[in-house]
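Residue numbers (my numbering), protein chains in the order written: chain A, 1 to 299; chain B, 300 to 629.
Everything labelled a hint here was simulated from the structure, so no lab data went into it.
Bear in mind the structure is a predicted one, so any value in this text is a computation, not a measurement.
Treat the hints with care, as some may be off.
Claimed, not checked - Simulated DEER-style distance windows between Cβ atoms:
(1) B/E469 to A/P184: 36 to 46 angstroms
(2) B/Q380 to A/G120: 25 to 35 angstroms
(3) B/D367 to A/L96: 11 to 21 angstroms
(4) B/G337 to A/L87: 53 to 63 angstroms
(5) B/K402 to A/L96: 42 to 52 angstroms
As the list claims (entries may be wrong) - From the derived model, a few chain B residues whose C-beta atoms are all more than 10 angstroms from chain A:
(6) G356
(7) H387
(8) V400
(9) L462
(10) V483
(11) Q576
Quick reminder that beta carbons are idealized off the backbone N, C-alpha and C, glycines included.
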Amino acid sequence: MSASQPATLETPSPVSVLGRGAAAGRRRGEGALAGRLTLRALALGYLALLLVAPVGMVFYRTFEHGLDAVWNAVSASNAQHAFWLSLEIAAIAVPLNTAFGIGAALLLERGRFRGRAALGVLIDLPFAISPVVVGLTLVLVYGKAGWLGGWLADNGLSVIFSVPGMVMATAVVSLPFVARETMPVLRELGTDAEQAAATLGATAWQTFWRVTLPAIRWGVVYGVVLTSARALGEFGAVSIVSGRIEGQTQTLPLYVQDRFENFDGTGAYAAAVVLALLALGTLLAMNLLTRRARERGAR
Amino acid sequence: MAIEVDSVSKRFGTFEALHGVSLTVTDGALTALLGPSGSGKSTLLRVIAGLEAPDTGSVRIGGQEMTDAPARSRGVGFVFQHYAPFKHMTVRNNIAFGLSVRKRAKAEIDERVAELLKLVRLDGLAGRYPSQLSGGQLQRMALARALAVRPKVLLLDEPFGALDANVRAELREWLRRLHDEIHVTTIFVTHDQEEAMEVAEQIVVMNAGRIEQTGTPRELYEHPISEFVMSFIGPVNRIGNAYLRPHDVQIVPEPGGNTTEALVKRVVHLGFEVRVQLTLPDGREISAQVTRAAAHELELAEGQILTVRLPAARVFTPASEPVAPAPSTL
């Protein structure tokens, strides 16, 4: 689309609007149609420029030199290691944040205690702080010279420059999703069903597993999908705490950066495509799940 | 089982929902808590169920101290105003819930569920989800779910509040018969005096967090102890300090004795009864209630001048009103 020639917005002139009968009505209809088309073109153009074209280019560049080059790039041992490390970190951080998120949502929506508002703010904090800053704060506390790091090192535990620190960084930046997606669903659910379960003899634990969780599950699933996408793609915070040691603490996004900086275009783009496919897979899974939820809801 | 509530108070922030309420309900009774919204009737029900903790006072069920017992161990069946269905479960699993959390054998659960489905006339709908049921069916499912665990007492919060008028009438009748069949001590909350009088054996009238009066429907109608009870139970004419039921207004052929003239302002035909809006010579408006036959005989028409007799009206002196709420026994 050419940016120099924006679609003309056919605003009906005041005279024609005030003017006579059918002609004015038709012109007003045309104006509304043109308005809608313009909006649609703007939205699609925006997406095309920002998202579709760049991602498309990555795919194009990746396969530019043929499939063999791509295969070599993704089967390189450092690439393989980065791929599995990213999955490993997500596999630990996502369940942790899911459990925490559901617990926090229950506390914030069902609990009545002092400091509830403060907890709400704290949960949102990772959205507000730059991931790089998150990484730095973790180093300050858990690094060798850090507040807890010395004690941890004495006990043979290294957090920074190793997997535990990277899991922590990932967990922090993806912390709010599950709680924030679950809270509105919990609020809408209300407490009637839970109280009914209590009068029927259910313990708090039984009520949670049999009544509350099934009722909020789609909110939780949506939160988990967002958390996973964020965890797999995280760069800034992990970059700081990992030390970016090739073949050891390099996640897939870090590997992409590394290849790019070393002028290995195919390597960078191929890894980027793998990342994009992971994200796409996550989104597709979510779409399928929500569609099934909608079908069940319609029953 | 009998329910004994002793001087229960409950406050929500600055709002005093219950103010030293005491109430005894005998075993097997069918009782209505009747009052306007905000009178504390739902709160009292929830205190009995253990869904709200009273600030002071105590609750005993079947002679057992229950004030601090959690809802799940009180043996109460509770039907919520909006039924609180478990939307992700079928009708069968909703009804089986109480038994399945008690880890009863599957055969026992199946048998009990089948029995209840029949009792509430939902057989054939066991595999449906709550979203596929009508309001009346949801109501009956909620009732079956509450009854499945054989509660000692059954508590219903505005059980017919969210239903169509004809479904309501049918369910009222049905609840009455159900109670005759299973004899579980039952309390239901309502703001509808007609519903309370039609269904309940005993009515507890509540107002502003206090119990105004308890009694049979007839006792309350014929011997209301306060202005509030009299005007809440049935229509009423207020003439100064005096209160008079519309059906006590007599339309007489001849003046004489304690009679006055009245102008017919409006005639409303409500089937068997005919309601007549009258304007007295001093401008006050009252309503009278006559049978269809009487209305026909008098040839009632708007603009007509009638002679009416106002028999001795009931007078509530303000001093007699704030009586300390004595523990009322039903």
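Going down the list of hints, with the structure as the test:
1. Checking the proposed 36 to 46 angstroms range against B/E469 and A/P184 shows it holds: the Cβ atoms sit about 38 angstroms from each other.
2. Evaluation of the 25 to 35 angstroms hint for B/Q380 and A/G120 yields a pass: the beta carbon distance comes to about 30 angstroms.
3. Between B/D367 and A/L96 the beta carbon distance is about 37 angstroms. The supplied range of 11 to 21 angstroms is therefore violated.
4. In this structure, B/G337 and A/L87 meet the distance hint of 53 to 63 angstroms, their C-beta atoms being roughly 58 angstroms apart.
5. The hinted window of 42 to 52 angstroms between B/K402 and A/L96 is violated, with their beta carbons roughly 31 angstroms apart.
6. Look at B/G356: its CB is around 20 angstroms from the nearest CB on chain A, clear of 10 angstroms, so calling it non-interface holds up.
7. A Cβ of chain A approaches the Cβ of B/H387 within 10 angstroms, the least distance being about 4 angstroms, so the stated non-interface status is violated.
8. Some Cβ of chain A comes within 10 angstroms of the Cβ of B/V400; the nearest lies about 4 angstroms off, and the non-interface call is violated.
9. For B/L462, the shortest C-beta to C-beta distance to chain A comes to about 17 angstroms, beyond the 10 angstroms cut-off, and the non-interface label holds.
10. Taking the minimum C-beta to C-beta distance to chain A, about 14 angstroms, the non-interface status of B/V483 holds against the 10 angstroms cut.
11. No beta-carbon of chain A is positioned within 10 angstroms of the beta-carbon of B/Q576; the least distance is around 43 angstroms.
In summary, the structure is inconsistent with hints 3, 5, 7, 8 from the numbered list given earlier, while agreeing with the others.
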